[in-house]
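Given chain X's structure and the hints, the job is docking chain E onto it.
The primary structure of each chain is shown beneath.
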Amino acid sequence: MARATSDILSGLVLVGASAVLYFYLIPNFVAANESGAMSPQFFPKLGTILIGIGGAALIFVTVVTRASEETARDAEDQTDPTGTPFVALLIAAAMAGFILLFQWVGYFYAAPPLIAVLMFLFGARNPLIIILTAAVATGALYAVFSLGLNLPLV
Amino acid sequence: MLTELFSALDMLISIQNLVAIFAGVAFGVFMGAVPGLTGTMGIALVIPLTYAFEPITAFALLLGTYKGALFSGCIPAILINTPGTPAAAATVLDGYPLTKQGRGGEAMGMALWSSVIGDVISTVALIFGAILLAQLATKFGPPEFSMLVLFSLTIVAGVSGDSMIKGLIAAAVGFIFGTVGLDPMMATPRFTFGELTMLNGISLMAMLIGLFAVSELFIQAEASASSISKVLVPKAKVSWAKIREKLPTILRGSAIGIVLGSIPGLGATPSAFLSYSEAKRASKTPEKFGKGSLDGVAAAESANNATAGGALIPLMALGVPGDVVTAVLLGAFLIHGLAPGPQLFAENLDLVYAIFIALLLAALMLPVVGLAAIRLFSRIVMIPRYVLYPIIAILCLLGVFGFNSSPTDLWIMLGFGFLGYGMRKLAFPLAPMMIGFVLEPIGEQSVRQALTISSGDWSVFVSTPISILFLVLTVLSIAFIARRTLKDRKEAKA
Numbered sequence: 085m086a087r088a089t090s091d092i093l094s095g096l097v098l099v100g101a102s103a104v105l106y107f108y109l110i111p112n113f114v115a116a117n118e119s120g121a122m123s124p125q126f127f128p129k130l131g132t133i134l135i136g137i138g139g140a141a142l143i144f145v146t147v148v149t150r151a152s153e154e155t156a157r158d159a160e161d162q163t164d165p166t167g168t169p170f171v172a173l174l175i176a177a178a179m180a181g182f183i184l185l186f187q188w189v190g191y192f193y194a195a196p197p198l199i200a201v202l203m204f205l206f207g208a209r210n211p212l213i214i215i216l217t218a219a220v221a222t223g224a225l226y227a228v229f230s231l232g233l234n235l236p237l238v
Numbered sequence: 010m011l012t013e014l015f016s017a018l019d020m021l022i023s024i025q026n027l028v029a030i031f032a033g034v035a036f037g038v039f040m041g042a043v044p045g046l047t048g049t050m051g052i053a054l055v056i057p058l059t060y061a062f063e064p065i066t067a068f069a070l071l072l073g074t075y076k077g078a079l080f081s082g083c084i085p086a087i088l089i090n091t092p093g094t095p096a097a098a099a100t101v102l103d104g105y106p107l108t109k110q111g112r113g114g115e116a117m118g119m120a121l122w123s124s125v126i127g128d129v130i131s132t133v134a135l136i137f138g139a140i141l142l143a144q145l146a147t148k149f150g151p152p153e154f155s156m157l158v159l160f161s162l163t164i165v166a167g168v169s170g171d172s173m174i175k176g177l178i179a180a181a182v183g184f185i186f187g188t189v190g191l192d193p194m195m196a197t198p199r200f201t202f203g204e205l206t207m208l209n210g211i212s213l214m215a216m217l218i219g220l221f222a223v224s225e226l227f228i229q230a231e232a233s234a235s236s237i238s239k240v241l242v243p244k245a246k247v248s249w250a251k252i253r254e255k256l257p258t259i260l261r262g263s264a265i266g267i268v269l270g271s272i273p274g275l276g277a278t279p280s281a282f283l284s285y286s287e288a289k290r291a292s293k294t295p296e297k298f299g300k301g302s303l304d305g306v307a308a309a310e311s312a313n314n315a316t317a318g319g320a321l322i323p324l325m326a327l328g329v330p331g332d333v334v335t336a337v338l339l340g341a342f343l344i345h346g347l348a349p350g351p352q353l354f355a356e357n358l359d360l361v362y363a364i365f366i367a368l369l370l371a372a373l374m375l376p377v378v379g380l381a382a383i384r385l386f387s388r389i390v391m392i393p394r395y396v397l398y399p400i401i402a403i404l405c406l407l408g409v410f411g412f413n414s415s416p417t418d419l420w421i422m423l424g425f426g427f428l429g430y431g432m433r434k435l436a437f438p439l440a441p442m443m444i445g446f447v448l449e450p451i452g453e454q455s456v457r458q459a460l461t462i463s464s465g466d467w468s469v470f471v472s473t474p475i476s477i478l479f480l481v482l483t484v485l486s487i488a489f490i491a492r493r494t495l496k497d498r499k500e501a502k503a
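Protein chains in written order, with the working numbering: chain X, 85 to 238; chain E, 10 to 503.
Chain E with its partners taken away, still in its complex shape:
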């Protein structure tokens, strides 16, 4: 283990990688701070820029972007009452009232340091959690992987938004797109329509950028130009005494973020709200919540940042994305020829450790970039849409072309952009489609391998304790989702 750790340090510690982490955090902060742009879109835009890099440099940049965006959603939430990302919605509740009271700087400081502490704690949890889970996963064979994929598909319910049916439909459509190309067992072509370029299947990059970035461009083109008046940005400053005082709230928020983040399908937004309500319940002055409480800001921000480490546990250890952003990150791993999961731990342990160290460094760089971003915020939001979005459009086109130098991929990207736009207009969620697309090849190969081993006997899927465990987890997960749906409906009626 020590050998791999030193090898990881050797791999990571270079000017290029440190610059990549810093640039990633800075770009992520920018994406999160501009309302309308998201971390998911940011990662999708950064992936093409990483083709030419070594995997560790690429992931330093990507994970920096992830962490930066997760934090900076709080900047517009606190200053202009507009969450930069959905995860910062809970921060608005107390952040903006604090700004109105002239305590915006204190709120920003508390948000920044709560985010950093939550982030560091969750990264440590990721390191231990992922290693333990990956060790267990080395015992997996095709039947266990098949059941794991079945369990993973229940994530779809968690990222389906208001309509689970629409989420399942989107996942099934993604599933069909995943079958395009050569059949994984017999290498017979499927839906290639005689096109040689389709034999490798649909380009993940073209699909990813089309769905998440191009569709966003189309949506933004429709939106009327938002008029943001000049923002008076206070200096982010909070005393250490105040941070120490709020430490129990921050630690509780971090724990909630890690646990909820690691459960596929939940993610940052519910974590932030749960942490907020728990902080209010535990507070001696609950009446201050919603009117400008630093505890509210600390609870929401520590939890939403702590989900990063939690969500990366199933991704790194099992290759299962826990939310939309990690689904896109899984795409990035595959694009770089790496499959997260136990095999990655077995074959590239030094790379895994290097990624973990990069995550810690990204968390430590957050205060530096965050403080600068808060100061620059009034300028960031003043960038005209007519400059920002055309450049994003060209970035999408060049990024997809740069991957395979294939004009076909550009048409595919445009097609998925339109499909994504249509889906969003009709309130179909995009993330399940991506999850269906990514999981189909893994699931199909595992199921068919398992059936080959068992000579077609389906009982192979319940032949080991691990596969039975996943089956039970799948049933429990469905029961939990059904219960939650019924409860939500009852509450909505009431």
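Only chain X is shown next, with the shape it has when bound in the complex:
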């Protein structure tokens, strides 16, 4: 997606989000027992207005300057052209799985599968290296956090 298009879409999402915040979330989830700047709603509303104005300004500036191809290409260069969000999604899913397993069965059963899956996603293919690294890293991190720093892991 070209940078100009993604900026316009981002701007639209931001304007929409600020409208939801201003008209629904703030009135329903922030009590208003004072008025003006003393109200607990004042600063959330201020931030919301800034997001809305910022979103609108992003759309306006992008449309007006309508990014020359050069600018768009420069901006695209900031991200890896070979990159795909799919791997990032898988990593997020693996971390979410760890959080669930960690609460359910504890650190020692949750950590090795996460390390193994992440190693695979980051390019490891040798099962022996994956198993050994997962086992050693699980033990070493337990030693650092639980035994060394006395931080609870259960």
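Be aware that one or more of the hints could be misleading.
DEER-style ranges, computed between Cβ atoms [said to hold, decoys possible]:
| hint | chain 1 | residue 1 | chain 2 | residue 2 | range |
| --- | --- | --- | --- | --- | --- |
| 1 | E | Ile487 | X | Glu118 | 24 to 34 Å |
| 2 | X | Ile133 | E | Leu485 | 19 to 29 Å |
| 3 | X | Ala140 | E | Leu208 | 50 to 60 Å |
| 4 | X | Ala86 | E | Pro295 | 39 to 49 Å |
| 5 | E | Thr461 | X | Phe107 | 27 to 37 Å |
| 6 | X | Asn112 | E | Val481 | 34 to 44 Å |
| 7 | E | Leu478 | X | Phe204 | 53 to 63 Å |
| 8 | X | Phe204 | E | Ser248 | 46 to 56 Å |
| 9 | X | Ile92 | E | Glu254 | 53 to 63 Å |
| 10 | X | Val147 | E | Leu485 | 29 to 39 Å |
| 11 | X | Phe204 | E | Phe137 | 52 to 62 Å |
| 12 | E | Leu260 | X | Gly100 | 49 to 59 Å |
Covered, in the sense of this in silico footprint (three residues per stretch, anywhere, with C-beta under 8 Å from a C-beta of chain E), are these stretches of chain X [as the list claims (entries may be wrong)]:
| hint | segment |
| --- | --- |
| 13 | 114-127 |
| 14 | 139-146 |
| 15 | 224-231 |
Everything labelled a hint here was simulated from the structure, so no lab data went into it. No residue lacks a Cβ here, since even glycine has one placed at the ideal position from N, Cα and C.
Then chain E, alone, in the frame of chain X:
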């Protein structure tokens, strides 16, 4: 003052603290030397390990990491033409050509000693600058703090990268996240959605690690595996005569680094480039720059390391972060229950002095760790990504959980990881969001206290010389930023 100084020495000088400084510098050097890992990420990863420590041990470790990472970005810059950190980008210009000429060892030696000298000078400047500024700041009341926060928000422009609008949006989003939890004046819940765990607001630690470390993991997962061939690492060696010869360049670079570092929003990268261009302008052989000049390396490295002390002046004295790394360090202070600023000087002067001494010790340990790191560099870059990043992922998860033992924080961290990843893909900067989040509670409390004192009269914000000064500085800062933006646009068009 002497009593506090002795008390600080007593607090700091222990095996545990010296090991913490050494370990911090070593870890920082590692983070800076591996392209793709950064000092900011390093500090974010170290914070969870410091929960169990005394504040001084924690800061010894954190500041050591900061200094180590700032230096070691030059190692891959000189040896493989890849800056380990953005601040080392100017070092590439002459460092790599020197390596190609077989003078890599000399370049590494010059980079190391320029960094150490710049670092020591800037730490001394920090000590005097922060003490003077903090003394002035004791006269601040809620109106002055409100205007200070307003001025601090102009930092956002400096860390916004290419698009100031995106930076302001990111800061506003951080600002909204900062309002979650109990209202600071009336203790009414805001955006807690009935969750008790949200009454304390969003965990700073979860946000910090999610934004800076987890999002980096996602980005790195997308990158194709980089193939780094085995690097022939020369021995870092430069003669004292050469260092003496380059001393004016190093001193000039240090001064530039301190000044630019202390201006919120600038930081190490522009300092290094400005110092480089000044060294070239002052040189009798400017034609050698870019082709392998030791002056170029000395200028860039002394300036980028000297920004550390400069950037810590507003942080320590006013509680205002000057750049991304100091924004993360501010988070670390808050996590340890300390608020940098005049109150820290008034109530914990011995701790402040201990931190200053720890900074000096970190600078003095840099040559030892730096020389070893240069020798180990070929092995450091050979650590496979598939070992490094899974361990970083587990470190993030355990670090956040260890802080509050709260699984909710883990979900928040993951959420911010995704948000940070999305922002980076859409070219929104992360640092302004962090700054908005950290400054919102301070600003809101100050504004509402000031309005309570003045019975709602807004003129209280321009009622004292200090608050007027901050207002003027804010206007000047905005004018400067606008001028610079217009100039950059004109240059880009040309």
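Status of each hint after checking the structure:
1. About 31 Å separates the C-beta atoms of E/Ile487 and X/Glu118, a value consistent with the hinted range of 24 to 34 Å.
2. Range check, X/Ile133 to E/Leu485: Cβ separation about 25 Å, and the 19 to 29 Å hint holds.
3. Hint check: X/Ala140 to E/Leu208, Cβ distance near 33 Å, so the stated range 50 to 60 Å is violated.
4. Judged by the Cβ atoms, the range 39 to 49 Å given for X/Ala86 and E/Pro295 holds: they are separated by roughly 41 Å.
5. At roughly 29 Å, the beta carbons of E/Thr461 and X/Phe107 sit within the given window of 27 to 37 Å.
6. Distance hint check: the CB atoms of X/Asn112 and E/Val481 are about 41 Å apart, consistent with the given range 34 to 44 Å.
7. About 58 Å separates the C-beta atoms of E/Leu478 and X/Phe204, a value consistent with the hinted range of 53 to 63 Å.
8. Distance hint check for X/Phe204 and E/Ser248: the Cβ-Cβ separation is about 50 Å, which falls inside the suggested range of 46 to 56 Å.
9. Taken as a hint, the range 53 to 63 Å holds for the pair X/Ile92 and E/Glu254, whose Cβ atoms sit roughly 55 Å apart.
10. Taking the beta carbon of each, X/Val147 and E/Leu485 are about 31 Å apart, inside 29 to 39 Å as hinted.
11. Range check, X/Phe204 to E/Phe137: Cβ separation about 54 Å, and the 52 to 62 Å hint holds.
12. For E/Leu260 and X/Gly100, the Cβ-Cβ distance of about 54 Å falls inside the hinted range of 49 to 59 Å, so the restraint holds.
13. With 9 residues carrying a beta carbon less than 8 Å from a beta carbon of chain E, the segment 114-127 of chain X meets the three-residue requirement, and the given coverage holds.
14. Only when three residues or more bring their CB closer than 8 Å to a CB of chain E does the claim for the segment 139-146 of chain X stand; here the count is 4, and the claim holds.
15. Only residues whose C-beta sits within less than 8 Å of a C-beta in chain E count toward coverage, and the segment 224-231 of chain X has 3 of them, enough to reach three; the restraint holds.
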